[in-house]
Amino acid sequence: MAKQKQTTYGYSRKVLEVFRHPKNIGEIKNPDGFGLVGNPRCGDTMSMYLKISKDGEDRIEDIKIKTFGCLGAISSSSILTEMVKGKTIGDALRVTKDDVIKKLGGLPPIKVHCSVLSVDALKEAIYDYYKRKGRKIPKDLEEVHKHNLQVRESIEHMH
Amino acid sequence: MAKQKQTTYGYSRKVLEVFRHPKNIGEIKNPDGFGLVGNPRCGDTMSMYLKISKDGEDRIEDIKIKTFGCLGAISSSSILTEMVKGKTIGDALRVTKDDVIKKLGGLPPIKVHCSVLSVDALKEAIYDYYKRKGRKIPKDLEEVHKHNLQVRESIEHMH
Amino acid sequence: MKRIYMDHAATTPVDARVAAAMKPFLSQRFGNASSLHTFGQEAKEALEESRAAVARAIGAAPDEIIFTSGGTESDNMALKGSLKRGDHLITSAIEHHAVLHTAQYLEPQGVQVTYLPVDRFGLIDPADVEAAIKPNTKLVSIMHVNNEIGAIEPVAEIGVICRRRGVLFHTDAVQGFGKLPIDVRKMNIDMLSASAHKLCGPKGVGLLYIRNGIKLAPLMHGGGHERGRRSGTENVAGIVGFAKAMELAVKDMKKENAGMKTLSEKLVKRVLAIPDSHLNGHPQTSRLRGRPAKRLACINNFRFAGIEGESLVIHLDMQGVAASTGSACSSRSLEPSHVLTAIGLKHADAHGSLRLSLGRGNTAADVDYVAKVLPGIVENLRRISPLAKGK
Amino acid sequence: MKRIYMDHAATTPVDARVAAAMKPFLSQRFGNASSLHTFGQEAKEALEESRAAVARAIGAAPDEIIFTSGGTESDNMALKGSLKRGDHLITSAIEHHAVLHTAQYLEPQGVQVTYLPVDRFGLIDPADVEAAIKPNTKLVSIMHVNNEIGAIEPVAEIGVICRRRGVLFHTDAVQGFGKLPIDVRKMNIDMLSASAHKLCGPKGVGLLYIRNGIKLAPLMHGGGHERGRRSGTENVAGIVGFAKAMELAVKDMKKENAGMKTLSEKLVKRVLAIPDSHLNGHPQTSRLRGRPAKRLACINNFRFAGIEGESLVIHLDMQGVAASTGSACSSRSLEPSHVLTAIGLKHADAHGSLRLSLGRGNTAADVDYVAKVLPGIVENLRRISPLAKGK
Ligand SMILES: Cc1ncc(COP(=O)(O)O)c(C=O)c1O
Ligand SMILES: Cc1ncc(COP(=O)(O)O)c(C=O)c1O
Ligand code: FES
Ligand code: FES
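Protein chains in written order, with numbering that gives the first Met the number 0: chain H, 0 to 158; chain Z, 0 to 158; chain W, 0 to 390; chain R, 0 to 390.
So here's chain H without its partners, still in its complex pose (with noise of 0.2 Å):
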């Protein structure tokens, strides 16, 4: 994991600058996948909409995220989404929250899971895309659904 270095309010200078222009903000109308996810303990919530090629290449080719959270979970979701625009939907999934935390150069430890629930978010959308497909799923997608479902009957109060 990459180590955090430079830090104000506790975050990298990355974050700060990710956080005040977060990227690819908003709804997309009509979907292809949809991802809704949230933290059971600090209750943070990111809804994430994906609008994927008709060329059977699957690429993103636009995806928006809303995000209620902390520094961490907005430009956690908001790095992602300008990793995984235009990748096709393979090469997504094979983006960690690693490559998330290294891209915002660190995260403080208490904020690891928000990277997490990014990467969450996106493969929750994609399980939502091959559900409407009635494409096969892959286990690891059906587990973080599984996972998902659970946390938001338990966050369900929250709101």
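Watch out, some of these pointers could steer you wrong.
What the hints assert, rightly or not - Quick look at which bits of chain R chain W covers, simulated, 3 or more residues with Cβ under 8 Å:
id, region
1, 27 to 34
2, 199 to 208
3, 300 to 313
Keep in mind that the hints were calculated from the coordinates and are not lab data.
Ideal Cβ positions, reconstructed from N, Cα and C, are used throughout, including at glycine.
Position chains Z, W and R with the ligands relative to chain H; hints supplied.
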């Protein structure tokens, strides 16, 4: 008991004045009465020398002390000698620790026993005088003496 | 960029007059108050004058005051020093962590603890205190003013109950100290904690008032300072600063409170003009038809639907405004504020709180500036939030 | 009257450079280190820089240092935090009261305590430590430098023994800190207490080094500061001052020690010219034929037959010299110094001690002045003493 007013080093102005210039310091060669008393806790020690008038009035003609001890002990013993010099033994025995403390403008609570020590030294010297003269010894002097013997045994090792 | 400080409930700058009072005790008059010589006696004298001054300010006797390293130590000492296995403690759900975590530490040691609930304004019902008293109840510890939402607890009423029922009463007065009048006799307070850095004094100095006759087990053993109740070389400069800060606070209490009230009203009005915004805490900040104030005017706590507090605070800071979400000490924790949860807020709402706490240095222009930048920040954060309504 | 301060083992004036370093953290940079905003971040940064600096100075990692309210709290925490019912503690008869009274408090709680004796110079034999270790020995707490007679204990040797035998080793380094080189790794120290006001830093700030991996029960519960190990808003100004004081001490250690040694030698020689006077403590203040120094040169403790200490100290003070008898914290107690008793002095001799402790501000002229007035005072007091010989 007189409450202490002004304080330097925790002592009244008067205590300090007496401490700076203690009176009646020294010994008397061939005294008519001699008393040596000590305090078992703090280890302070006083020796008191009396010269008593031969006119049948038992007047304290001269009095000298030596004190190894704190400011409380030094000033108590000095002021006591001033208070009783010239008095009859009967009057001298009526001087209490409270009289001493009052004259000193008060003593810190932890130092009240220093004034007791000075009063005891006088009693012990008078006891000695009575003994030498073969006089009947009043009960309270007898008690002070007994107590003092015990104490002296217990502080022997201190010096 | 002009920087506006609106986090006075977290800490305050040392007043210049306080710093000036402290200075000689760092340099020329640096003696150890236990030393017999003149340097020591000077320090001792300053120490005792400070003690007498703060005692006077709250109606206590000087020997009822011991100086500590801060509010946390005072709270720890009041609880740990008075409670032993088998005793029952009554406290509230909205105490500062210095009380709450100490109570939680004592529970496995065999101390029973009742955490009283509060109403939606954070107020404790004295009747609840009375009802919770059991034969083994030893201590009631209820804070004077809550640090997050400014709730002013009915300390005098609780004091009467405790005295009548023969139960000790401690109050954590860290936030109200120097802002609300306190008379420990009239209010039947047995122990009281305060901390200098909340009233323009230095950090690292506090006090515990202990009513005469109450024996507490010491937290710190050693040289027997503070008449054996708190060992450790006294922080004379800090203590002198504390006393000076208290003197200034008491002298100007009426005037400062009036000023705070005016600023606070303006601030609340402007902030609540933001759509879907709410005040966490009681609206009544002064005596009204004979009923006492329910909230300290300088502590203003808001929430904005759909918005997370950390992001809000950092955006504000980027625009030059220092504020907080939750209490300062939990700003690095993931849990939502226990105080906001206790007044009934949902998790997300509790996470989205903003505390703007006013102090001596704040002006109407500061309030204007905050009121100007805040709506835009809220709007921006709502734009990226999946929880925000509309849009 | 010129006032000469020769009581640096009791406390020291804050160095002007230290006061200057502290100042901004009282006024402009006053933030609470737990706050998220810029004021808080600045405070946090200063706090962490200070932590790193003192850690570096003793060969520790920054996260092995926690800041406390002073040496007393550090000692209390080291002992109370590591010992529980059934454990065995080995300490010495000459520890500071902060250790000794804490040990005495722990005894009735079911902690066994061995108080090791010392030789006539106040030195502990490492072999005694080893011999005292039992299967339930949890902690050895032996001070680095004794505050009354300056004895330098064989801390490194004791460290080796403790490490080998799997026993924790704490040292109260309050007096040696910044005066003797310390490397906690090389010396196998597990915990170390220090206090800023002994090295020209402010009162009310101390530290406890806790080797990584050691878990101590906290003494103070609350907001979870110092990574949960010591709650309470950090005294940032004080901590910055502590770090600055340590930096200055380390930078000039060699030079200052050489200066102290010269002054001390002169002082000892002149004082011992008084009839029936003695040095309490080891004569060897520097490395000699490969053997380490046995006494810190700045702590010089004397006795004068037949003379009581309080009177001596007050006479000296009346002539402008601040000194002490016994340790500062027991100056108002009647008991003779436990340290002097432990090195075998009789009650009266222990009561008649005079400590002249040198520091940064002292000059050769100061020593000359003391050497000039002291003989007369001793003579005067002997004149009124029934215990003095001759005359
Ligand atoms: C209500 C309350 N109690 C206790 C404390 C702790 O005081 P200190 O920071 O001086 O340890 C604080 C502030 O931090 C507080 O607001
Ligand atoms: C050896 C020693 N340990 C502990 C202490 C206590 O430190 P503090 O005064 O900072 O509480 C002192 C001095 O007072 C000391 O000399
Ligand atoms: S704190 Fe939970 S997502 Fe950042
Ligand atoms: S302290 Fe004992 S006689 Fe004064």
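Per the coverage rule (Cβ-Cβ under 8 Å, at least three residues), is the region 300 to 313 of chain R covered by chain W?
holds (count 3)
Verdict on chain W covering the region 27 to 34 of chain R, criterion of 3 CB contacts below 8 Å
holds (count 6)
Would you check chain W against the region 199 to 208 of chain R, counting CB to CB pairs closer than 8 Å, and say if three or more residues qualify?
holds (count 4)
Every hint from the earlier list agrees with this structure, and none is contradicted.
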